[in-house]
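For the sequence shown, counting from 1, position 274 maps to 523 in this note's numbering; every step adds exactly one.
Just so you know, not all the hints are guaranteed correct.
Simulated crosslink set (DMTMM-like; lysine to aspartate or glutamate; CA at most 20 Å straight-line) [said to hold, decoys possible]: (1) Lys287 <-> Glu307; (2) Lys379 <-> Glu267; (3) Lys641 <-> Asp653; (4) Lys579 <-> Glu651.
The calculated label-pair distances, taken between Cβ atoms and stated as ranges, are [what the hints assert, rightly or not]: (5) Asp401 <-> Pro461: 33 to 39 Å; (6) Pro461 <-> Glu307: 37 to 43 Å; (7) Pro461 <-> Lys579: 22 to 28 Å.
For the record, the hints were derived by calculation from the structure and aren't laboratory data. Positions of the beta carbon are idealized from the N, C-alpha and C atoms, including for glycine.
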Amino acid sequence: MQRFTLPRDLYHGPDALEALKTLGGKKAILCVGGGSMKRAGFLDKAISYLKEGGMEVELIEGIESDPSVETVMKGAQKMSEFEPDWIVAMGGGSPIDAAKAMWIKYEYPDTTFEDMCKVFGLPKLRTKAKFCAISSTSGTGTEVTAFSIITDYEKGIKYPLADFEITPDVAIVDPALVASMPQKLIAHTGMDAITHAIEAYVSTANSYFTDPLALVSANTIKESLVASYNGDQDARAKMHDAQCMAGMSFSNALLGIVHSMAHKTGAVFADYGAHIIHGAANAMYLPKVIAFNAKDETAKKRYGQICDFIGVSGASDDEKIANLIALLRKMNDELNIPHCIKNYGADSYPTEQGFVPEKVFLERLPEIAKNAIADACTGSNPRIPSQEEMEKLLKACYYDREVDF
Numbered sequence: 250m251q252r253f254t255l256p257r258d259l260y261h262g263p264d265a266l267e268a269l270k271t272l273g274g275k276k277a278i279l280c281v282g283g284g285s286m287k288r289a290g291f292l293d294k295a296i297s298y299l300k301e302g303g304m305e306v307e308l309i310e311g312i313e314s315d316p317s318v319e320t321v322m323k324g325a326q327k328m329s330e331f332e333p334d335w336i337v338a339m340g341g342g343s344p345i346d347a348a349k350a351m352w353i354k355y356e357y358p359d360t361t362f363e364d365m366c367k368v369f370g371l372p373k374l375r376t377k378a379k380f381c382a383i384s385s386t387s388g389t390g391t392e393v394t395a396f397s398i399i400t401d402y403e404k405g406i407k408y409p410l411a412d413f414e415i416t417p418d419v420a421i422v423d424p425a426l427v428a429s430m431p432q433k434l435i436a437h438t439g440m441d442a443i444t445h446a447i448e449a450y451v452s453t454a455n456s457y458f459t460d461p462l463a464l465v466s467a468n469t470i471k472e473s474l475v476a477s478y479n480g481d482q483d484a485r486a487k488m489h490d491a492q493c494m495a496g497m498s499f500s501n502a503l504l505g506i507v508h509s510m511a512h513k514t515g516a517v518f519a520d521y522g523a524h525i526i527h528g529a530a531n532a533m534y535l536p537k538v539i540a541f542n543a544k545d546e547t548a549k550k551r552y553g554q555i556c557d558f559i560g561v562s563g564a565s566d567d568e569k570i571a572n573l574i575a576l577l578r579k580m581n582d583e584l585n586i587p588h589c590i591k592n593y594g595a596d597s598y599p600t601e602q603g604f605v606p607e608k609v610f611l612e613r614l615p616e617i618a619k620n621a622i623a624d625a626c627t628g629s630n631p632r633i634p635s636q637e638e639m640e641k642l643l644k645a646c647y648y649d650r651e652v653d654f
């Protein structure tokens, strides 16, 4: 038996933010990130709409990119003091993910972070509050998913929290919120979204219900991402819808080792000032993982089906997959994302020395590979790598080597 879970309501299109008037609670705590929503005026709009709906509003501001365990615990404490019946998270993946984890701790104060990390092992939520998510980036899909990514900086590891209980009750996908996204953010979040679609389609947990969402979103992203990056607002609105569809798909079909590797390399070099942004990591790793997974016959066939749907031609599945990899690498070039960790720079542009020193990478490689294999996303990958294979795959991602194993 499989399960397919989505938010109760999804409000989308122009002026969708006004749906905040209709939530129907008494107290809302509004979680936001570093200030872009405030500068653009959307924070004030959200507060106004909530108050118009009869709610008292409190804020949790300044949630950092890749939120920490400490941020989660502090936010949950503030929720316990205010006692909201709605948690509203607005911004990119980080404030929404952090708010999801805060929600768990708010409802169950004795819960530890280790408890939260038990895959599909959370207790029933909504005993105190419901959850509304409003996305301001076009990539994570977290406004509709059963996932949250929280970083333990002491260990240098990102942990995916996974349970249908943290699927938001209400999602708001309003194109106005992404109209002024910075180019780099468009690039990274967009490649994150196409990774979601492709991994969901070849996941061992794919289903008849998740496949159409994955295929349509992948095709829309292929057609719209570069145009969105170059300023086309119509393409940007299409991207916002497409990333949400990809989120619906992977929330139910799960993901694969592109995300396992991105989770375990994102923060592990933070002591060197080398933080690999999640979407950029996915962009670099996806072509390598496709080549690795395509050695599995079922996965090869599924990649071929993706190619047929999005218009990537070839005389055989092998040829189609080679062309798909070439397309993804071309998109990275057009989005100014490098092809490997060695060339990754602070702004995602190639640097002469490399953002992550080779010596450090090789020293930490065995532990990174071990942690990636243990990641929650690995179990639904079509091909489970051994320790040796994961190390070779990560080396291919560091040096931009061909994957022929």
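The hints, checked one at a time:
no.	hint	result
1	Lys287 <-> Glu307	14 Å, holds
2	Lys379 <-> Glu267	18 Å, holds
3	Lys641 <-> Asp653	10 Å, holds
4	Lys579 <-> Glu651	16 Å, holds
5	Asp401 <-> Pro461: 33 to 39 Å	36 Å, holds
6	Pro461 <-> Glu307: 37 to 43 Å	40 Å, holds
7	Pro461 <-> Lys579: 22 to 28 Å	26 Å, holds
Consistency with the previously given hints is maintained throughout, with no hint failing.
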